[in-house]
Amino acid sequence: MLLPGVAFVLLFAYVPMGGVSIAFQNFLPLRGLFNQDWNGLENFRYIFSMPNIWQVVWNTLFIAVMKIIAGLVVPITFALLLNEVKNVVFKRTTQTIIYFPYFLSWIILGGILIDILSPSSGIVNQFLGLFGVSPIYFLGENSWFPFTMVASDVWKTFGFSTIIYLAAITSIDPSLYEAAAVDGAGRWKQTWHITLPGMQMIIVLLMVLSLGNVLDAGFDQIFNLYSPQVYASGDIIDTMVYRMGLQQAQFGPSTAVGLLKSLVSFILISTSYLIAYRVFNYRLF
Amino acid sequence: MYTTETRGSRIFKVFNMIFLTCVSAACLIPFIHILALSLSDNAAVMAGQVKLWPVRWTVEPYLYVLEKQPFWRAFGITIQRVVLGTLLNMFLVILLAYPLSKGKHKFSKRMLYVWFFFLTMLFNGGLIPSYILMKELGLMDTIWVLILPGAVNIFNLLLMLNFFRQIPDEMEDAANIDGAGHWRTLWQIYVPMSTPAIATIALFFIVGHWNAWFDGLIYMNRASNYPLQSYLQTVVLQFNFQTMSPTEAERLARLNDRSIKGAQMIVAAIPILVVYPFLQKYFVSGIRLGSVKG
Chain A
1 MLLPGVAFVL
11 LFAYVPMGGV
21 SIAFQNFLPL
31 RGLFNQDWNG
41 LENFRYIFSM
51 PNIWQVVWNT
61 LFIAVMKIIA
71 GLVVPITFAL
81 LLNEVKNVVF
91 KRTTQTIIYF
101 PYFLSWIILG
111 GILIDILSPS
121 SGIVNQFLGL
131 FGVSPIYFLG
141 ENSWFPFTMV
151 ASDVWKTFGF
161 STIIYLAAIT
171 SIDPSLYEAA
181 AVDGAGRWKQ
191 TWHITLPGMQ
201 MIIVLLMVLS
211 LGNVLDAGFD
221 QIFNLYSPQV
231 YASGDIIDTM
241 VYRMGLQQAQ
251 FGPSTAVGLL
261 KSLVSFILIS
271 TSYLIAYRVF
281 NYRLF
Chain B
1 MYTTETRGSR
11 IFKVFNMIFL
21 TCVSAACLIP
31 FIHILALSLS
41 DNAAVMAGQV
51 KLWPVRWTVE
61 PYLYVLEKQP
71 FWRAFGITIQ
81 RVVLGTLLNM
91 FLVILLAYPL
101 SKGKHKFSKR
111 MLYVWFFFLT
121 MLFNGGLIPS
131 YILMKELGLM
141 DTIWVLILPG
151 AVNIFNLLLM
161 LNFFRQIPDE
171 MEDAANIDGA
181 GHWRTLWQIY
191 VPMSTPAIAT
201 IALFFIVGHW
211 NAWFDGLIYM
221 NRASNYPLQS
231 YLQTVVLQFN
241 FQTMSPTEAE
251 RLARLNDRSI
261 KGAQMIVAAI
271 PILVVYPFLQ
281 KYFVSGIRLG
291 SVKG
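Chains as they are written, first to last, in our numbering: chain A, 1 to 285; chain B, 1 to 294.
Since the hints were made in silico from the structure, they are not lab data.
For each residue, glycine too, the CB sits at the ideal point set by N, CA and C.
Do not rely on the hints blindly, as some may be mistaken.
To be verified - Calculated cross-link-like contacts (lysine-lysine; reagent style DSS-like; alpha-carbon spacing at most 30 Å): (1) K91(A) x K51(B); (2) K281(B) x K86(A); (3) K51(B) x K68(B).
As the list claims (entries may be wrong) - For each label pair, taking beta carbons as the anchor points, the in silico distance ranges come out as: (4) G8(B) x L196(A): 17 to 25 Å; (5) Y46(A) x P192(B): 52 to 60 Å; (6) L28(B) x T170(A): 23 to 31 Å; (7) L196(A) x A180(B): 44 to 52 Å; (8) G179(B) x L268(A): 47 to 55 Å; (9) W183(B) x T170(A): 36 to 44 Å; (10) Q166(B) x T93(A): 27 to 35 Å; (11) L33(A) x W183(B): 33 to 41 Å; (12) F280(A) x P192(B): 29 to 37 Å; (13) L11(A) x L87(B): 17 to 25 Å; (14) F280(A) x K104(B): 19 to 27 Å; (15) D173(B) x L268(A): 39 to 47 Å; (16) A25(B) x S171(A): 27 to 35 Å.
Okay, chain B solo, but in the shape it has when bound (with noise of 0.2 Å):
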C-alpha cells in the first residue's frame, strides 16, 4: 500500500502488531503449557503451579511412555501404515491421473471415467455400509483395512490431473517419436516433471495416514492393532484406571496423569513438527496448484 506516514497510521500499527502478537500467542500457549506440564514434576502438576514454564524438571513421564510398550506397537503400526499407503496412493494418484489428463481427442471417454471417480466425493454410502463390507471381505483387524479403503483419493487425484494438465502435449509427442510408450513417458517425463505437486501430494497422504484415527478404532476389534492416534484417543480421551496393572497404577501414583498425557501428545505431534518447514513450504503452493486452472 501507498500512503504518508500519519499519526493515525502509526498508532494503528502499534496496536496491529500488538493484537497479532496477542492473537499468536494465544495459538501457542495451550502446546507451551502442555510442553510444561509433561516436564513437570508431579506436586507441582498437583498443586497447579505449572504454567509456562516447566516447575521442577523431570524427564519421567517421558521415560514412562517410552517403556510403555503398547505404544511403541501403536507407532509401529503407524510408521507401517505411513509407508505403505503413502506408496500405493501415490502410485495410484499418478497412474488414474495421467490418462485422465489427456484431452478428449487422445482418450475420448475421459469424461465418462473423471465422473466415476468425481461422484464419489458427491455422494457415499456412509459408516455402517463400509463397515459391514469390511467385515464380509474380513480385513478387519488387518493392517489392510487402514490402507486399502482410501487408496484413490479423489481430491489428490484431481490436483494431480490438474498439475499433469499444464504440461504442454507435445512433451509426450516427442516422447512417442522416439519410441517410448505410455509408461514410459509417464514414469520418466511426467513424474520427473511434477516433483514439486508429487511432494505437495505425498506429504498430504502422510498427514492424512498419522493423523488418521477413526478407522483404527472401528476396524480394529483387539486393540493391540492400533495405531498411534486410535490408541491416544483410547488411553488421553477416555482414559480408564480399571484397564491398568497394579505395579503401573503404584508407578503412575508417583506420576501425574496429566504429565504422561502431555508426554505422549508431545511424542506423537514430533513427527509433524518434523515435517512442518516442508509442509509450510509445499502446501500454498499446493493450494494454489489446485486452483489455478481454466
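Just chain A, same shape as in the assembly (with noise of 0.2 Å):
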C-alpha cells in the first residue's frame, strides 16, 4: 500500500533534494544533467557580490515578521470582539464574511487589489479623496508596498486565523466565568483573567510554528503585486530565485539562493517543531 506514494515522493521531492548540485555547477541546460561543471563556491560568492542581496534578505524578513505580528495581533482581538457578541446571527455572518477571501487565490485578489488600489481610479484612492487625501500609489511606492502587503494579507488571512482563535475560547470551561462573577470580576477582568489565559496555549503555539515562516514573505501574493519600481521595498528571496532562475536562465546561482533558503528554513522549522513538540507535546504524527 505505501509502494506508490513512497515512489511518487522519492521521484518529485527528493531527487529535486539531490538537484540542488546544481548550486556548485556551472550549470548549462544544453550540456544534460551529468555532464556539467562543477565550480565549487563560485556561485554563492556570485550572489553575495550581488549589490542587492542583502536589500532582498532584509525585505523578506521585514514583510515576513511583520505579517507574522499582524497575523496574530488581528485575529486575536478580533475574536475577543466577536465573542462579545451574543447575537448568533450576527456573530455567524461575520466570519462567514470575514472568512471568505481566504478560499480566492491571489490571482483573484491581486485582480481585486490592482483595481481598488489605482492611483487614479481606483476606489480606495476615490474614498480617502473625499477627506482630501491625495491619491496614494499603494503598489507603485517603495514607502508604502511592504504595508500594502501586510493589510492585503491580512485581509485574505485573518478571517480563518479568527475562527481558530474562536474555536480555542468556546473549549474554556464556562464554570470559571461563573465563579469570576461570583467574586465580582466584571467583564474586562474576565477577558484578562480568564478569556486570555484560556488563549495562551494556542497563542503561544502558533506563534512557535510562525518561527518557520521568516524566510515566507508570500510569492503567490507578491509576484502578483510587484513590479520592477518596488523591487527596492519588496523583492523578496523566492521572487529573485524565480527571476534569476526562469527568466534570466542563471541556474546556478538561482539554485544557490534557493538552497540556502531552504537551508535555513530547515533548521527554522525544525526548531519551531521541537520546541512545540517539548514544551507544548505538539505532535503532527
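The task is to assemble the complex, starting from two chains supplied on their own in separate frames and drawing on the hints.
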C-alpha cells in the first residue's frame, strides 16, 4: 500500500533535493544533467557579491515578520470582540464574510487589489479623496508597498485565524466565568484573567510554529502585485530566485539562493517543531 | 460571560457591533465593487461613477468573457485538473494513511516511513531542480505536470493518518476475524467511518487545485495549455494590448477593460462561492481534526 506513495515522493521530492547539486555547478541546460562543470562555491560568491542581495534578505524578513505579528494581533483581537457578541446571527454572518477571502487565489485578490488601489480610478483613493487625501500609489511606492502587502495579507487570512481562536475560546470551561462573576470580576477582568489565559496555549503554539515562516514573505502575493519600481522594498528571496532562474536562466546562482533559503528554513522549522513538541507536547504524527 | 448589564457594558456592546460591522463591510466592499464594475456600462465605469451598485446595467462584459475561447479552454483544463488531481490525491492519501496509522506493534517500520514523508515538509529542493526534473521527464505541456508532482500531500496525509488513528484497533481485528484482508478493511470499514475527514481533505484538494496558478505558468510553454488561474494571471495581471486581434480590440473599445477583468474574476470565483458553505462547515472540524491528538 505504501509503494505508490513512496515512489511519487521519491521522484518528485527527493530527486529535486539531489538537484541542489546544481548550486555547485556552472549549469548549462543544453549539456544534460550529468555532464556539467563543477565550480565549487563560485555561485555563492557570485550571489553575495550582488549589490542588492542584503536588501532582498531584509525585505523578506521585514515583510514576513510584520505579517506574522499582524497575523497574531488582528485575529486575537477580533476573536475576543466577536466573542462578546451574543447575537448568533450577527456572529455567524460576520464569520462568513471575513472568512471568505481566505479561499480565493492571489490571482483574483491581486486583480481586485490592483483595481481598487489604483491612484487614478481606484475606489480606495476616491474614498480617501473625500477627506482631502491626495492619491496614494499603494502598489507603486516603496514607502507604501510592504505595508500594502501586510494589510492585504491580513485581509485574506485573518478571518481564518479568527475562527481558530474562537474555537479555542469556546473550549474554555464556562464555570470559570461563573466563579469569577461571583467573585465580582467584571467583563474586562474576565477577559484578562480567564479568556486570554485560556487561549494562551494556542497563541504561543501558533507563535512558535510561525517561526518557520520568517523567510516566507508570500511569493504568490508579491509576485502578482509587485513591479520593477518597487523592487527596492518588495523584492523577496523567492521572487529573486524566480527571476534569476526562470527568466534570466542563471540556473546555478538561482539554485544556490534557493538552497540557502531551504537550509535556513529547515533549521527554523525543525527548531519550531522541536520547541512545540517539547513545551506543548504538540505532535504532528 | 456572566456580568450584569451596566451602562458601560451597553455602550461597549454598541460600539463593538458597529466596529465589527465596519470591518466586515471593509472586507466585503472590494468584491461588491468589482461585481458592480463588471455589470456597468463602459461610460459609467470610465467616468468613475460606479461605486457599490451597477450604473446602467449591462451583461456585455460577461457575454464577451463567455464567448472567449481561451477562457473556456483554460476553464476546461482546470476542471480536468480538479477532477483527476483530487481523485489521485485522495486515493494516495487514503492508501498511505492506513498502514501509517498502525501502531508500532503491527507495523514496526512505521516511524521510518513517517519520517521519510515528513522530511519533505522540512526541506525541499527548490524551484530550479523541480523545473529541470519536469523538463527531463518530458512532462512539460501535459496535464500530468499539474497533477503528479503534488500527488502526495504530506500535510493532508498527516490529517488523514491522525483521523484513522482514532478508529479503535478492535474494528480492524474484528474485520480480520471475519476474513477481511487489509484492502477490504480499509475500503469497507475505515473509509466509510471517516466521511467527515475525507470530505474535509477532498475540499482542501479541490480548492488547492482550483486556485493553483504557478505550476501552470512555469510548466506550460504554450498559453493554450494554461489552467484557468494561470490564464487569468496573464490576462488580468499582465494585460497587454499587443496580444489582441484587431476585431477584439474594436470590440474592446466599446467595453471597459476593468469590467472585463472584473467579469473574469467573478466567473473564476463562482465555483469557490458554490462550495463555500461546505468549506465553512468542514474546515473548522478539519482544523480540530488536525490538532486533537495526544
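Give me the numbers of the hints this structure contradicts, sorted from smallest to largest. Going through the list in order, the structure violates no hint and respects every one.
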